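Asker: Protein chains in written order, with our numbering: chain A, 1373 to 1669; chain B, 1373 to 1669; chain C, 1373 to 1669; chain D, 1373 to 1669.
Hints listed in this document are in silico derivations from the structure and should not be mistaken for laboratory results. From a predicted model like this one, the values you see are computed outputs, not experimental measurements. Worth double-checking, as some hints may not be accurate.
Repeated chains share a single entry, so a pair holds when one copy, or any two copies, can fit it.
Unchecked claim - In silico lysine to any residue, SDA-like type, Cα no more than 25 Å apart, as pairs: (1) 1631 <-> 1415; (2) 1572 <-> 1535; (3) 1618 <-> 1475; (4) 1528 <-> 1504; (5) 1572 <-> 1590; (6) 1631 <-> 1595; (7) 1572 <-> 1625; (8) 1662 <-> 1413; (9) 1662 <-> 1651; (10) 1662 <-> 1408; (11) 1572 <-> 1629; (12) 1618 <-> 1535; (13) 1631 <-> 1566.
4 protein chains.
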Amino acid sequence: MHIGFIGLGNMGGPMARNLLAAGHRLSVHDLSLEAIEGLVEAGAGAVGSVAELGASDAELIITMLPAASHVRQVYLGENGLLAAVAPGVRLIDSSTIDPMTAREVAAAAIQQGNPMLDAPVSGGTGGAEAGTLTFMVGGAAADHDAALPVLRTMGKNIVHCGPAGNGQVAKVANNMLLAISMIGVSEAMSLGVSLGMDPKTLAGIINTSSGRCWSSDTYNPYPGVIEAAPATRGYSGGFGADLMLKDLGLATEAAKQQKQPVMLGALAQQLYQTFSNQGHGTLDFSAIIKMYSGEEQ
Amino acid sequence: MHIGFIGLGNMGGPMARNLLAAGHRLSVHDLSLEAIEGLVEAGAGAVGSVAELGASDAELIITMLPAASHVRQVYLGENGLLAAVAPGVRLIDSSTIDPMTAREVAAAAIQQGNPMLDAPVSGGTGGAEAGTLTFMVGGAAADHDAALPVLRTMGKNIVHCGPAGNGQVAKVANNMLLAISMIGVSEAMSLGVSLGMDPKTLAGIINTSSGRCWSSDTYNPYPGVIEAAPATRGYSGGFGADLMLKDLGLATEAAKQQKQPVMLGALAQQLYQTFSNQGHGTLDFSAIIKMYSGEEQ
Amino acid sequence: MHIGFIGLGNMGGPMARNLLAAGHRLSVHDLSLEAIEGLVEAGAGAVGSVAELGASDAELIITMLPAASHVRQVYLGENGLLAAVAPGVRLIDSSTIDPMTAREVAAAAIQQGNPMLDAPVSGGTGGAEAGTLTFMVGGAAADHDAALPVLRTMGKNIVHCGPAGNGQVAKVANNMLLAISMIGVSEAMSLGVSLGMDPKTLAGIINTSSGRCWSSDTYNPYPGVIEAAPATRGYSGGFGADLMLKDLGLATEAAKQQKQPVMLGALAQQLYQTFSNQGHGTLDFSAIIKMYSGEEQ
Amino acid sequence: MHIGFIGLGNMGGPMARNLLAAGHRLSVHDLSLEAIEGLVEAGAGAVGSVAELGASDAELIITMLPAASHVRQVYLGENGLLAAVAPGVRLIDSSTIDPMTAREVAAAAIQQGNPMLDAPVSGGTGGAEAGTLTFMVGGAAADHDAALPVLRTMGKNIVHCGPAGNGQVAKVANNMLLAISMIGVSEAMSLGVSLGMDPKTLAGIINTSSGRCWSSDTYNPYPGVIEAAPATRGYSGGFGADLMLKDLGLATEAAKQQKQPVMLGALAQQLYQTFSNQGHGTLDFSAIIKMYSGEEQ
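Please model the complete structure; the sequences and the hints are all you need to start from.
Answerer: Pasting the structure below:
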């Protein structure tokens, strides 16, 4: 299949490579020439503008952009995708943005005859490279099914979350809970250790009790508890604190629009903002445990 | 073995019955005559005072009391256990109290030659009746090993958490994390559903993603998501909100003494206090999700 | 002077009347015919559209609109003010909106030769009727000075806060602090009274101590402490809880964009959202003290 | 009058000196010989123990101790004051402790015929030296009146707050509100300045608006806004962050016992604990604004 791909950053780059590796014909666009070069060497065709890519004969166009403002511009802008694509071309936006913008863009696409899905991912750059991402897909069931073969070349776990925008809803709800859990584990581990518990023993008890969670049993923030976790390698790699901060901003913004209180979610956002301002935004998000030990900062 | 048991409430009563059922000779004491009667009918001997029970030939005495002040009085009071027991009599306190009091009482017992364990439980009245409690045990390894056969008649999962007081530390840390997770799940589910997600679909996605936790995959607070959870039967049964409030009070008090911040833990305590004051303290603690839906209150 | 006025709601209506009463010629526009009628009876001229008012010979146009989206549309829309007004016509926006939008609109106006001020108010409908509002003015000093005579017919206290947008900054910062103070007073009064203090005695002590603040000494939320406060008349009138919620949303949004943590501000927003969802959004914002007394809800 | 004074620390020392300066005969006791020496040089008599001071012919004994445990020991201990004093000797405890302990000690004193007041102070070491402290007095009105002449030699503002313990209630409620206000001002000032406001202009607007409070108009945490505030001299002197942390601990503990939620109060406590752990506990409590500017830490 001829696939277009816009946005070749840390996530989009490896995702596009996996499409190439699966044998698809790939046309790419990005504002960074360097990002494009790598893909062109690997066999992709470079396209000079969003509009040009939209007007090509690509049957499917995937976008992976930093924020809602970029999505809005790339799809709805004067020289954007929707103005350029022929009816029937399929569109998938894998950016993580607010559900309302996702729904607005999808509605515009669908109205002019272009099936569209929102399909944000989790799994980080490691998952993007290994092709093991999770895709949370919002859109019509038929469109989800049609996209499955392509999504499977980039991810392992493809979940249909309901109509347009629901992929974003699932991501934002999950990640807000993730941030809360991670801070909760940080507090519980710090408190227990301050009271004389061995960290591995405490984690072991929690992981077989009602406090059990992914942030404790798979990604424990206390150094040395889990060999493979970022905590054990100085909080390098993983999912950056600033990315978590961005997702918490999406969550509280969506909550505000829905008039839905999110007490712990809002406090988690403020704690990550404080942590980021202390210069730790590029560390893995589990490094938030540093806020609970004055001496380590 | 001749075992003494003090405190025959909702938890202590069924625990004592399981000791009887396992063939032990049992002497019991409680301020409530009604509580004693039931046990006496089942074959236990009634003892009129703490001191009398201490002076009997029971080789092991187990206590299950509401709060630290009771533990202090029963063990350290003028007519308390420590003043009455012969050296060598083993002591196990299964009350949930602060780690500092647990350590103080254990130190006094050990100094006069009485091996002592703190062994708070989780699993609720259901677990107490079924004999499937989890015991979190603090104290010397040898004393833990010696107590294992008896604890196994009342529980399924016996975890040695380290020296005296560590059973309480593990419980308080786990339950603080549990409260935070439960509120986090409540916020994530409420937010997702307000944005149009089906609750079962959302829970399904979270449970296979990084937001996965016991509060979501086993005890989800959203009605109808998990058949066996209290949420699906009107939040009856389970672990009462007021009991969680008590445990959060122990957690923040211990944190204060350790000079350990617990931001989300402290906020969780305030939310449960607010919820309790609204008249919901006897509901299962997962009912906290009601705070996130104005109309249900 | 010929003045145009757009937005004749609870605040804008009385403000416009005061302009008329001061002898100005007034042209008004609003989507509500009822709102216009009252002003026309009082001597104003009705104008059918924003564009028509822009193209009239009004030397100054004042707008008082509910939210940033309306401001954007009225000023920047296809048939908006900026497209219609002649160079030199002065513009004042008294809506409470985010500082960024205020700056964007002002920049567009100034670039085409229309001096513009942001001038949000405080003082409520009472202040609007009595002409005793406080205006927080952002924009060039000369433009502020030129607007003073007109603003003084509607307000008592006119404060120049700096360049464009700073009026909004001052309002949003003050009101976030106001919400925090009001909740703080609610907690302090509730705690003191629960411990046996007479509310008037406690307020008296606070008001001569370091806890002194407007929320305590002028607008105390405890019923009966201050005769003239909304608390003493069932929290009717005053500044509605939902309006405070809106301002807190502006504050946390601006904070997010500035990467500035606002821990208590964010929590205050969530508490007002919870309070609003309980059905209390139209009460005066001091009614938040109800959240601290389970029985009153 | 012959007055006894126990506890000659940073506050008690200068208070005792003011009693001497007013012409009273003074007997003092403290565990620190150095503290006693200074007073003896100034004319006080040194007494070797609490019991000895209690048994002397002092008509009034004043205590100024660090925490409730000390108060309990000095008054109720085996060799404590109550066991030693003759009936009729008046007692005043100026320590800041929890209201419940204050009430318990006062009840014991009164039962054996010793009128007792709790009279915690505010005003800091500066106020203690200048004799301008505020005394918040709990106890019988007649006892308060009888103590007035002596209290006036140490303070300027003597407020009767109601029956025993109410002095502590007033102090704890006021100081919790003070902490919340100070953090609120820190957030509002930081937010406003980050958005481009001049700090003095912003403070000026707040101080004439509804955000007005002692933390803003008298003790503003932003450096340079108020000449005489600790913020303008590097946060030295003043009321230490660790003392505020202690008072917040008293407030949340009292709230827990009263089943009274204090959301912002609890969060303020956690923020001060975090701030203290970062090594800032000896700075004035207004230095909490540093938590809102990543670069200053």
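Asker: Next step is simple, just say for each hint if it's right about the structure.
Answerer: Here is what the structure says about each hint:
1. In this assembly of identical chains, residue 1631 and residue 1415 lie within 25 Å of each other by CA distance neither inside one copy nor across copies; the values are 48 Å within and 41 Å between.
2. In this assembly of identical chains, residue 1572 and residue 1535 lie within 25 Å of each other by CA distance solely across copies; the values are 15 Å between and 43 Å within a copy.
3. In this assembly of identical chains, the alpha carbons of residue 1618 and residue 1475 lie at most 25 Å apart whether taken from the same copy (19 Å) or from different copies (24 Å).
4. Taking identical chains as interchangeable, the C-alpha atoms of residue 1528 and residue 1504 lie at most 25 Å apart only when both belong to the same chain, with a minimum of 5 Å there against 37 Å between chains.
5. Taking identical chains as interchangeable, the C-alpha atoms of residue 1572 and residue 1590 lie at most 25 Å apart whether they share a chain (13 Å) or sit on different chains (24 Å).
6. In this assembly of identical chains, residue 1631 and residue 1595 lie within 25 Å of each other by CA distance solely across copies; the values are 21 Å between and 39 Å within a copy.
7. When the C-alpha separation of residue 1572 and residue 1625 is checked against a cutoff of 25 Å, the pair qualifies only between copies, where the shortest distance is 24 Å, while the shortest distance within a copy is 37 Å.
8. Taking the shortest Cα distances, residue 1662 and residue 1413 never come within 25 Å of each other, neither inside one copy (42 Å) nor across copies (50 Å).
9. Taking identical chains as interchangeable, the C-alpha atoms of residue 1662 and residue 1651 lie at most 25 Å apart whether they share a chain (12 Å) or sit on different chains (14 Å).
10. For the homomeric pair residue 1662 and residue 1408, neither the shortest alpha-carbon distance inside one copy (38 Å) nor that between copies (44 Å) is at most 25 Å.
11. Taking CA atoms no more than 25 Å apart as the test, residue 1572 paired with residue 1629 passes between copies only; the shortest distance there is 23 Å, against 42 Å inside one copy.
12. With identical chains, the CA atoms of residue 1618 and residue 1535 are at most 25 Å apart within one copy only, with a shortest distance of 24 Å there and 30 Å across copies.
13. Within a single copy, residue 1631 and residue 1566 get their C-alpha atoms only as close as 39 Å, which misses the 25 Å cut-off; across copies the closest is 9 Å, which meets it.
In this structure, the hints that do not hold are numbers 1, 8, 10, in rising order.
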